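Protein chains: 2
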Amino acid sequence: MRISELSRRGGVAITTIKFYLREGLLPPGELTAATQAQYDESHLSRLRLIRALHGPGGMSIAGIREVLDLIDEPPDSRIQLLGQAQDALGSSADETVDLSPAQQLVERVGWMVAPDSSPLHDLAQAMVAIDEAGIKLIEGGVRRYADWAAELVAAEVETVPEDSPSSAVRQALLGTILIEPLLLALRRLALQDAAWRRYGAGNAPS
Amino acid sequence: MRISELSRRGGVAITTIKFYLREGLLPPGELTAATQAQYDESHLSRLRLIRALHGPGGMSIAGIREVLDLIDEPPDSRIQLLGQAQDALGSSADETVDLSPAQQLVERVGWMVAPDSSPLHDLAQAMVAIDEAGIKLIEGGVRRYADWAAELVAAEVETVPEDSPSSAVRQALLGTILIEPLLLALRRLALQDAAWRRYGAGNAPS
Chain A
-10 MRISELSRRG
0 GVAITTIKFY
10 LREGLLPPGE
20 LTAATQAQYD
30 ESHLSRLRLI
40 RALHGPGGMS
50 IAGIREVLDL
60 IDEPPDSRIQ
70 LLGQAQDALG
80 SSADETVDLS
90 PAQQLVERVG
100 WMVAPDSSPL
110 HDLAQAMVAI
120 DEAGIKLIEG
130 GVRRYADWAA
140 ELVAAEVETV
150 PEDSPSSAVR
160 QALLGTILIE
170 PLLLALRRLA
180 LQDAAWRRYG
190 AGNAPS
Chain B
-10 MRISELSRRG
0 GVAITTIKFY
10 LREGLLPPGE
20 LTAATQAQYD
30 ESHLSRLRLI
40 RALHGPGGMS
50 IAGIREVLDL
60 IDEPPDSRIQ
70 LLGQAQDALG
80 SSADETVDLS
90 PAQQLVERVG
100 WMVAPDSSPL
110 HDLAQAMVAI
120 DEAGIKLIEG
130 GVRRYADWAA
140 ELVAAEVETV
150 PEDSPSSAVR
160 QALLGTILIE
170 PLLLALRRLA
180 LQDAAWRRYG
190 AGNAPS
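Protein sequence lines, in the order shown, are assigned to chains A and B.
For reference, each letter of the first sequence is one residue, going -10 to 195 in my numbering.
For reference, each letter of the second sequence is one residue, going -10 to 195 in my numbering.
What the hints contain is simulated information worked out from the structure, not anything from laboratory work.
Certain hints may be false.
Since the list can't tell identical chains apart, any single copy or any two copies may satisfy a pair.
As the list claims (entries may be wrong) - Taking lysine to any residue and the SDA-like style, the derived pairs with C-alpha atoms no more than 20 angstroms apart in a straight line are:
#1 LYS7 / ALA143
#2 LYS125 / VAL146
#3 LYS125 / GLU147
#4 LYS125 / PRO150
#5 LYS7 / LEU20
#6 LYS125 / GLU140
#7 LYS7 / SER49
#8 LYS125 / VAL149
#9 LYS125 / ALA139
#10 LYS7 / ALA22
#11 LYS7 / VAL149
None of these values were measured; they are calculated from a predicted model.
Throw the hints in and build the complete structure from the sequences for me.
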């Protein structure tokens, strides 16, 4: 197909496709004339993937490149893969944050995690922020949130296929990245619903 | 206290405090000399709050200003408050995204939400991205994630105090903003743990 059809079927503007080509995220098409290239279904599927990561996943171009490299050439170890994928996602945490409360929690829950992984920094920073803001947590505290996360993830790992390494990689990576905005959006909507039920006094939302 | 003590106790650099003062996020101290001002405990508590929002919450200065305004002058209606707080958090969703799958889900779950609220756009966008990337969801699909979010929120609304409107506002707003990074960090750590258990073959994480 020509770039115009790729644009239409992928739902991505031609100028954006050209940007992805220049950045090397999308492999070049097959040249059929000096100024014309042909693209196939593999381009379309890669374009949809980039679009998904670039949009709600909110990843940087560098982060997307790291994720695509991992999908194209997955490391031998799937644990190494997950670690690299989480590093590609980055962390907003301050490097100097005190990790010990987060480490103690992880120990109490009995999780096996790398002692300096980026989500451990994120957890430590989030715990400090909640503490400093003086928010009252739910009964059971952070531990109860951890149990919820574990329950969710137990269902999610069931979806990772065992037969093909490349589809396992795809599922594990994209599951991490693309489910996050879904979870946050659902929690915010559930909060709206809870507020209507508590304070709405029978008025319909508008 | 002087700005140096405010800096030390708040864990924020003096240059950053001066930036917050210039932006009007932090009210000015009481001038005691031409170049010297005194700050009190209310400045310290506001500074810690700004720090919490600016850090892991990852909010823009404009977003922080909106949240502080809501805390200082909460609207009469708490539902209006929640809607305004969610709008301050913003949405990364494309305005043209098709809302109907998200609306249908919300209807099936029985949630009362504003028909054009920003998390509904986020949900719609996340559903499109997951679909386009071809990720296999957990058994029960998005509906199961929604039930999980509802369960979480049911526990969270219990923590919102009924006695003082201003503390209710604080709790509802900050609970929305600051719990999100906590949840995502915990899910990523639980994923690490699950990967170790499934593929680690007894090796300790390093």
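Intra- versus inter-copy proximity for PRO150 and LYS125 (alpha-carbon distance at most 20 angstroms): The answer is between: 10 angstroms across copies meets 20 angstroms, while 40 angstroms in one copy does not.
How would you label the pair LYS125, VAL149 (within, between, both, or neither) given a Cα cut-off of 20 angstroms? between (36 angstroms within a copy, 8 angstroms between copies)
Taking 20 angstroms as the upper bound on the Cα-Cα distance, should LYS7 and SER49 be classified as within, between, both, or neither? So LYS7 and SER49 pass the 20 angstroms test inside one copy only (17 angstroms; across, 30 angstroms).
Evaluate LYS125 and GLU140 at a C-alpha cut-off of 20 angstroms and name the case that applies: within, between, both or neither. Answer is between; shortest inter-copy Cα gap is 18 angstroms, intra-copy 23 angstroms.
Same-copy or cross-copy closeness of LYS7 to ALA22 [CA-CA at most 20 angstroms]: So LYS7 and ALA22 pass the 20 angstroms test inside one copy only (17 angstroms; across, 60 angstroms).
When no copy is named, should LYS7 and ALA143 be tagged within, between, both, or neither for a Cα gap of at most 20 angstroms? neither (40 angstroms within a copy, 47 angstroms between copies)
LYS125 and VAL146: within-copy, between-copy, both or neither at 20 angstroms Cα: between (32 angstroms within a copy, 11 angstroms between copies)
When no copy is specified for LYS7 and LEU20, does a C-alpha distance of 20 angstroms or less occur within a copy, between copies, both, or neither? within (14 angstroms within a copy, 57 angstroms between copies)
With identical chains, the pair LYS7 and VAL149 could be close in the same copy or across copies; at 20 angstroms between alpha carbons, which is it: within, between, both, or neither? Classified as neither: same-chain Cα gap 33 angstroms, cross-chain 50 angstroms, threshold 20 angstroms.
Between the shortest in-copy and the shortest cross-copy C-alpha distance, which are at most 20 angstroms for LYS125 and GLU147: within, between, both, or neither? between (34 angstroms within a copy, 10 angstroms between copies)
Copy assignment of LYS125 with ALA139, given that the CA separation must stay at most 20 angstroms: between (22 angstroms within a copy, 19 angstroms between copies)
Checked against the numbered hints above, the structure violates hints 1, 11; every other hint is satisfied.
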